[in-house]
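Start counting the sequence shown at 1053; every next residue gets the next number (the working numbering).
Keep in mind that a hint or two might mislead.
DSS-like cross-link-like pairs, simulated, lysine-lysine; straight-line CA separation at most 27 Å [claimed, not checked]: (1) LYS1078 to LYS1155; (2) LYS1078 to LYS1392; (3) LYS1118 to LYS1178; (4) LYS1154 to LYS1295; (5) LYS1271 to LYS1392; (6) LYS1361 to LYS1399; (7) LYS1327 to LYS1089; (8) LYS1078 to LYS1316; (9) LYS1327 to LYS1271; (10) LYS1316 to LYS1155; (11) LYS1271 to LYS1089.
Derived DEER-like restraints, expressed as beta-carbon distance ranges [claimed, not checked]: (12) GLU1228 to LYS1271: 46 to 52 Å; (13) THR1153 to ARG1254: 14 to 20 Å; (14) ASP1131 to ASP1338: 29 to 35 Å; (15) LEU1340 to ASN1296: 41 to 47 Å; (16) LEU1207 to SER1300: 33 to 39 Å; (17) GLU1150 to ASP1323: 21 to 27 Å; (18) ASP1098 to SER1300: 25 to 31 Å.
Treat the hints as calculated values from the structure; they're not laboratory data.
C-beta: ideal position from N, C-alpha, C; glycine also.
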Amino acid sequence: MSNTDTLEQSRPIFPFTAIVGQEEMKLSLILNVIDPKIGGVMIMGDRGTGKSTTVRALVDLLPEIKVVANDPFNSDPNDPELMSEEVREKIQQNQPLEITTKKISMVDLPLGATEDRVCGTIDIEKALTEGIKAFEPGLLAKANRGILYVDEVNLLDDHLVDVLLDSAASGWNTVEREGISISHPARFILVGSGNPEEGELRPQLLDRFGMHAQIGTVKEPDLRVKIVEQRASFDESPLDFRKNYQDSQDELTNKLSQARLLLKTVEIDYDYRVKISQICSELNVDGLRGDIVTNRASKAIAAFEGRTKVTPQDIFRVIPLCLRHRLRKDPLESIDSGDKVRETFKKVFGYQN
1053 MSNTDTLEQS RPIFPFTAIV GQEEMKLSLI LNVIDPKIGG VMIMGDRGTG
1103 KSTTVRALVD LLPEIKVVAN DPFNSDPNDP ELMSEEVREK IQQNQPLEIT
1153 TKKISMVDLP LGATEDRVCG TIDIEKALTE GIKAFEPGLL AKANRGILYV
1203 DEVNLLDDHL VDVLLDSAAS GWNTVEREGI SISHPARFIL VGSGNPEEGE
1253 LRPQLLDRFG MHAQIGTVKE PDLRVKIVEQ RASFDESPLD FRKNYQDSQD
1303 ELTNKLSQAR LLLKTVEIDY DYRVKISQIC SELNVDGLRG DIVTNRASKA
1353 IAAFEGRTKV TPQDIFRVIP LCLRHRLRKD PLESIDSGDK VRETFKKVFG
1403 YQN
């Protein structure tokens, strides 16, 4: 029995493939795992709609990655962009590296976290007396090449959200103190969740999330009963419940690994790219982030379905998730922002779904 098996038995996680409904949220998370450069996902929805359960369930599915053993940054032994300075120096000096594999990890950011806890700290005294950079890594170091999950992101200090988004965008975290500066790789998928009742995120912060999934409480009585029954049987016997879903979980993990490999070969026609930009332009989306994310997400969904060509149907499925949070808010408008994106898509693509 491996360590992960022991860990699973000590704290079983609800299986991702057992989650009923909430397709938008599940799709957004899956696409970000296939292509982390999509830029994360913001999940907005009422309390008790399974946001945290779904994000934690995702961890189970994540493929394994190669890392340098005992390295606090999960350094990639083959990619200089994803390795710490220490590892890079070892490679330059031809020192042998001990390489191991581990599951992509998920780091939870607690609401009351300080900037030091998030970014890490430099022990100035040690640096001055012993002449070494004494760096105590923070949560961003731990999240490198993994997922950073922030529940109730709209209650987080704006300054801290800025720091997270900057790291997520650049892939690096830099800590400076008294003229001493330390940088390390911090490339992670940022997943934020929030409850609209507790206030929206500022538009300029919202725009930095690649995708925006909206989830609501399931209305159909039959589905609600199914969800309640599932939860009850999971609470009663988590390991038996998980066994029932083992095949579908393995299948999805496999599909994700294949999609990550296939992604490099997926193509999107020039004509479709022009139409995506036309939609962004007609919707008055600021900047080019919306165009870029829609292109990436369309390729990721094609890879997920084992194809190397993007279809209009692929774009139709992802474009509301990529653009709805980038539209300018008009308080007098009655149409939902996701529907507005779909309408514009149909007009530009001449598309009937």
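**Message:** Given a hint of 29 to 35 Å, does the C-beta separation of ASP1131 and ASP1338 actually sit inside it?
**Reply:** 32 Å, holds
**Request:** For the pair supplied as a hint, LYS1078 and LYS1155, confirm whether the alpha-carbon distance does not exceed 27 Å.
**Result:** 19 Å, holds
**Message:** Given a hint of 41 to 47 Å, does the C-beta separation of LEU1340 and ASN1296 actually sit inside it?
**Reply:** 45 Å, holds
**Asked** So the hint says 25 to 31 Å: do the beta-carbon atoms of ASP1098 and SER1300 match that?
**Response** 27 Å, holds
**Item:** Pairwise hint evaluation, LYS1089 against LYS1327, where the allowed Cα distance is 27 Å at most
**Value:** Since the Cα atoms of LYS1327 and LYS1089 sit roughly 22 Å apart, the hinted pair holds (cutoff 27 Å).
**Message:** Taking the Cβ atom of GLU1228 and the Cβ atom of LYS1271, is their distance within the range 46 to 52 Å?
**Reply:** Since GLU1228 and LYS1271 have Cβ atoms about 51 Å apart, the given range 46 to 52 Å holds.
**Message:** What's the verdict on LYS1078 and LYS1316, does the C-alpha distance respect the 27 Å limit or exceed it?
**Reply:** 22 Å, holds
**Asked** Are LYS1118 and LYS1178 close enough, with their CA atoms no more than 27 Å apart?
**Response** 32 Å, violated
**Asked** Can the restraint linking LYS1316 and LYS1155 be considered satisfied, given a maximum Cα separation of 27 Å?
**Response** Answer holds: LYS1316 to LYS1155 is near 22 Å, not above 27 Å.
**Prompt:** Per the hint of 21 to 27 Å, is the separation of the Cβ atoms of GLU1150 and ASP1323 within bounds?
**Reply:** 50 Å, violated
**Prompt:** Does the alpha-carbon distance linking LYS1271 and LYS1392 stay inside the 27 Å limit?
**Reply:** Given pair LYS1271, LYS1392 holds - Cα atoms ~23 Å apart, limit 27 Å.
**Message:** Given the hinted pair LYS1154 and LYS1295, is their Cα-Cα distance within 27 Å?
**Reply:** 22 Å, holds
In this structure, the earlier hints numbered 3, 9, 11, 13, 17 are contradicted, and the remaining ones agree with it.
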